[in-house]
Amino acid sequence: MQYLEGRKYVVQALFLVVALVFGTRLFYIQVLDGSYKLAADRNTLQRIVQVPYRGLIYDRNGQLLVQNTPVYDLMVVPREVKQLDTLRFSQLLQLPIEEIRVSLRAARAYSRVKASPLVQNLSTPELAAIQDNLIDFPGFSIKARMARSYKTENMAHALGYVGAITPAFLEKPKYAKYFPGDNLGITGLESFYESTLMGRRGVQYRMVNVRGIEKGAFRGGEFDTLSIAGQDLHTSIDIELQKYGELLMQGKRGSIVALDPKTGEILALVSAPMYEPSILTGKGMGNRYMELLNNPERPLFNRPLMATYPPGSVFKMVNELVALQMGVVTPETGFDCNWKLVRCTHRHEAPRNLTIAIKQSCNPYFYQVMRASVLRGRSTNRFEDARLGLGEWRRQVMSFGLGDKLGVDMASEKKGLIPSPDFYDKRYGYHRWGYKTVYSLSIGQGEIGITGLQMANVMATIANRGYYYTPHFVRGIGQGGPLPEYAQRHVTTVDPRYFATVIPGMQAVVDGRGGTGNFASLAQFGISVAGKTGTVQNPHGEDHATFAAFAPAEDPKIAIAVFIENAGFGGTSAAPLASLMIEKYLRGKVVRKNWEYWVQGSADKFIKRR
Amino acid sequence: MALPARYSRSLDWVTVAIYVLMVGLGWISVYAASYSPEAPAGGLFSGLGFQELMAFNWFKQILWIGTAVVLIVVLVVIDYKAYDTFAFVLYGIMIVLLIVTPFIARPIAGSRSWLELGPIRLQPAEFAKFITALAVSRFMAGINLRQQNFRDQMVLAGLTLLPPLLIIAANETGQALVFAAFLLAYFREGMSPLILIILAAAGAILILALLVPKLWLIGAFTVILVLVFAINTKVLRHHLPLALSVWAVVIGMVFGVDFFFNNVLQPHQRKRIEVLINPSADPLGVGWNVTQSKIAIGSGGLVGKGFLQGTQTKFDFVPEQSTDFIFCTVGEEWGWAGTTVVILLFMALLARVLYVAERQKSVFGRTYGYCVASILFFHFAINVGMTIGLAPVVGIPLPLFSYGGSSLWSFTTLLFILLAIDAYRKQDLVR
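In the order they appear, the protein sequences are chains A and B.
Following full-length UniProt numbering, the numbering of the first sequence begins with 1 at its first residue and continues without gaps.
Following full-length UniProt numbering, the numbering of the second sequence begins with 1 at its first residue and continues without gaps.
Among these hints, one or two may not hold up.
To be verified - Every beta carbon over 10 Å from chain A, so not counted as near; a handful from chain B, in silico:
1. 20
2. 60
3. 161
4. 212
5. 215
6. 234
7. 268
8. 292
9. 296
10. 311
11. 346
12. 350
13. 370
14. 380
15. 388
Stated by the list, open to error - Stretch-level coverage of chain A by chain B, calculated; a stretch enters the list once three of its residues show a Cβ under 8 Å from a Cβ in chain B:
16. 10-19
17. 23-29
In case anyone wonders, no lab produced these hints; they're calculated from the structure.
By construction, the Cβ of each residue, glycine as well, lies at the ideal position given by its N, Cα and C atoms.
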């Protein structure tokens with residue numbers, strides 16, 4: 001029996017081995033291998049994202065511009081699609097069969113069991129047409145969500161648009177909180193104020209059982225967050241003025257920027273050619289976007305912020321102000337209209353003082369003004385003298401907010417260019433250039449580049465006699481009042497008393513006899529407009545017309561810059577257009593219908609055929 | 001219920017203590033498994049009526065435990081000689097029951113194996129285990145297995161195989177497999193270890209044939225065989241026909257696996273083996289049970305999610321969680337600490353049962369003791385093994401833990417007959 005007695009140890013050993021194997025295996029899957037914990041969470045945790053209601057956008061008078069309306073996505077679960085009658089389906093959706101096939105293939109490639117959108121952004125009437133028939137098409141369903149809709153046909157450039165986030169965006173850390181298919185503001189205010197408008201996404205973690213039925217909040221909702229609706233934007237845009245500006249710019253290329261000089265608020269921002277904001281929303285948005293993008297007139301280009309042009313004669317004001325501050329000229333200084341220095345625009349009375357010079361926009365006069373500012377004898381070397389002089393001149397010019405971003409609340413703003421001595425060093429070589437090289441800056445031509453917004457801001461600065469507030473679109477967010485970042489004055493290097501001396505000249509431009517901007521006169525309403533015309537030489541075609549002004553001259557309420565491409569002399573087209581805008585804003589209506597008629601239409605009509 | 005003093009002295013209280021501990025922990029697990037966070041009204045002190053409480057497994061389990069206590073008293077009070085004397089009679093009754101059950105039983109979950117007596121449902125297959133154990137022990141007491149009397153061996157084989165065959169006929173393959181456990185008891189009583197080795201080897205070849213390409217397997221086996229005989233040429237001379245026949249049988253098995261797999265096994269059984277080898281083979285079918293069971297246990301961590309805090313078990317990801325997959329609730333809510341305690345309890349019980357078996361003077365008592373240990377071990381190994389992906393999914397309960405009256409009564413009877421026999425061992429003189 002000894003032999004059999006030993007067998008009990010074999011049995012015991014077997015039991016022990018199995019227990020050890022189990023213990024080890026359990027230790028591995030329970031303690032060492034974390035993947036089971038993740039799998040358990042994947043099983044039971046369902047993450048429900050609540051997309052908040054996007055903030056609304058209002059104009060300065062509380063008129064609603066942008067709102068949200070429900071749109072519907074037609075979703076498809078490819079696995080559940082049974083014997084699709086493609087012909088009937090395409091008739092129902094009013095989409096070509098081929099397009100449906102392509103979309104279906106894409107959906108199948110994404111997932112056979114998960115729902116993906118087949119057609120997005122169906123409007124309520126479009127939905128009504130297909131909803132009742134949807135029962136014949138298993139695998140298709142409707143998902144509602146909110147999309148942007150527009151109560152205005154204007155202001156597309158400033159408003160920007162909302163679109164689905166692209167894969168490229170998703171990779172950036174800034175957009176870490178977004179998921180594929182999420183919408184976000186792509187351009188304009190929608191983009192700049194994205195975080196404000198979007199609100200805060202709510203996330204709820206629900207526990208679900210094996211059939212996907214909710215079994216309550218995860219850990220009592222410890223990790224849940226409520227969605228917070230986006231905040232409304234109260235813009236400073238006067239939508240009536242904006243609409244009027246767009247009407248006047250119809251058929252032209254160019255821009256209008258109107259500011260309230262007392263606050264820096266942007267009253268109107270017109271970029272022509274324009275498009276309706278509703279084009280970039282709803283079904284077929286992608287195709288329409290591509291049409292806009294490929295349009296040779298470049299309607300998507302936000303000209304007032306992005307197009308930099310030489311400012312032309314308007315810049316003479318800045319030139320003069322800097323020279324006054326430097327003390328190299330006085331308002332009584334006279335220069336002769338010497339055509340040998342630079343060609344003048346036209347024959348006119350002698351610029352005996354500043355006011356006449358401004359009124360006549362005398363090129364040789366301002367050539368000499370700038371020469372006085374730049375060539376101060378700081379160095380015996382005339383090249384070095386010009387170099388040092390231009391540096392100092394540029395510093396003062398830039399204090400008007402030129403040559404750099406103003407900091408408007410829109411991302412696409414361009415800097416413009418006020419060329420530095422280094423700029424010319426690079427182009428011509430050190431000490432290889434003098435005042436004769438750069439003189440065209442004095443009349444706003446040459447290497448200088450300014451945006452429409454900057455030009456309007458210069459007008460606001462002159463209107464304020466020496467300071468400006470950062471131009472901005474948004475005066476208040478939600479219930480909040482004025483934004484503090486826009487309450488700060490930016491003071492120029494030029495003393496306020498010098499500003500007072502240039503304004504009579506600008507008034508004379510408009511209301512003085514023989515002034516270049518007589519077409520902008522609002523004297524019949526007792527409104528004194530202070531302005532300056534400009535004609536920008538354009539090597540590629542007809543000159544560009546500009547006019548910048550503010551009014552009323554004694555208590556300015558609006559500063560405006562109008563830029564019309566290829567419209568020739570600024571006084572003919574831009575000046576009356578600006579005056580119509582001023583009339584509209586200050587009087588609420590326009591009674592000078594003849595001017596309205598004159599201004600409307602394409603830029604060609606202003607060109608004198610010779 | 002007071003037992004006579006002589007019982008209390010001679011009853012093996014250590015086993016009783018382990019039993020009580022396991023049944024208690026088992027009930028807690030059943031309570032956790034049948035607890036629903038949305039219907040806390042199902043709690044113990046909810047003031048519900050009897051009928052309403054009967055809807056909850058944990059409450060019914062209290063009734064089963066209560067009746068099990070009565071059963072224990074009866075089992076211990078019965079004259080120990082009765083188990084010996086009536087072993088074959090009980091066996092006969094059981095065979096008849098197993099035969100008639102498929103004809104009179106209503107189909108439940110695909111098998112006609114449940115007898116319904118009013119509100120109580122009984123599974124004769126559960127009781128077949130201890131009755132067969134009694135019968136084979138009785139038979140073993142009269143023969144000497146080592147003398148290799150062919151007729152006796154055949155009778156023993158017949159006694160052991162008849163109940164599982166009948167059970168398989170009733171489509172309860174899992175319960176039938178348990179009878180393989182008797183081999184362990186026979187081994188202890190002198191059965192040639194060759195049988196165990198051959199069976200283990202056959203199992204290993206079967207699994208390997210599914211895992212490894214067949215030609216590799218045959219090649220490897222041939223190389224080993226050649227090496228063995230090359231080292232010891234003397235053996236080759238004496239056993240060449242044996243070696244060749246073994247080689248032929250193995251090759252036959254390797255190629256027969258496909259036939260066995262595809263033609264003998266039922267589809268669901270085939271799936272269970274496939275899933276064991278590759279759990280992702282059938283992720284939403286049979287693989288689901290294994291995957292979800294592993295997730296539930298694996299997510300428990302070191303100390304678990306806490307009592308009633310399991311999510312995988314609560315939200316029905318694990319099927320059959322209060323019966324066959326009760327180990328998942330333990331693993332998820334009490335973590336590795338809990339599963340280790342359960343394994344240690346089983347080891348303690350098995351060790352104690354072996355100890356009790358070894359101290360029996362009679363072959364009957366010792367064989368029965370080993371049958372008890374083997375049956376408990378088989379259930380434990382297969383049940384826990386399947387929940388952690390080490391054994392195929394076989395529908396057998398975890399002894400004393402799983403919910404169910406038949407199961408609890410069957411294991412209680414199995415265990416306490418041994419304790420009753422043990423209590424009288426001093427009176428049991430040599431037969």
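Hint-by-hint comparison with the structure:
1. 20: Holds, since 21 Å exceeds 10 Å.
2. 60: Answer for residue 60(B): holds, closest chain A Cβ roughly 23 Å.
3. 161: For residue 161(B), whose nearest Cβ neighbour in chain A is about 22 Å away, the distance exceeds 10 Å, so it holds.
4. 212: holds, 22 Å
5. 215: holds, 30 Å
6. 234: The assertion about residue 234(B) holds, with a minimum of 26 Å to chain A.
7. 268: Holds, since 20 Å exceeds 10 Å.
8. 292: Violated, because the least Cβ-Cβ distance between residue 292(B) and chain A comes to about 8 Å, which does not exceed 10 Å.
9. 296: Answer for residue 296(B): violated, closest chain A Cβ roughly 7 Å.
10. 311: Nearest chain A Cβ is 5 Å from residue 311(B), so the label is violated.
11. 346: violated, 7 Å
12. 350: violated, 5 Å
13. 370: violated, 7 Å
14. 380: violated, 8 Å
15. 388: violated, 5 Å
16. 10-19: holds (count 8)
17. 23-29: holds (count 5)
The structure fails to meet hints 8, 9, 10, 11, 12, 13, 14 and 15 from the earlier list, while all remaining hints are met.
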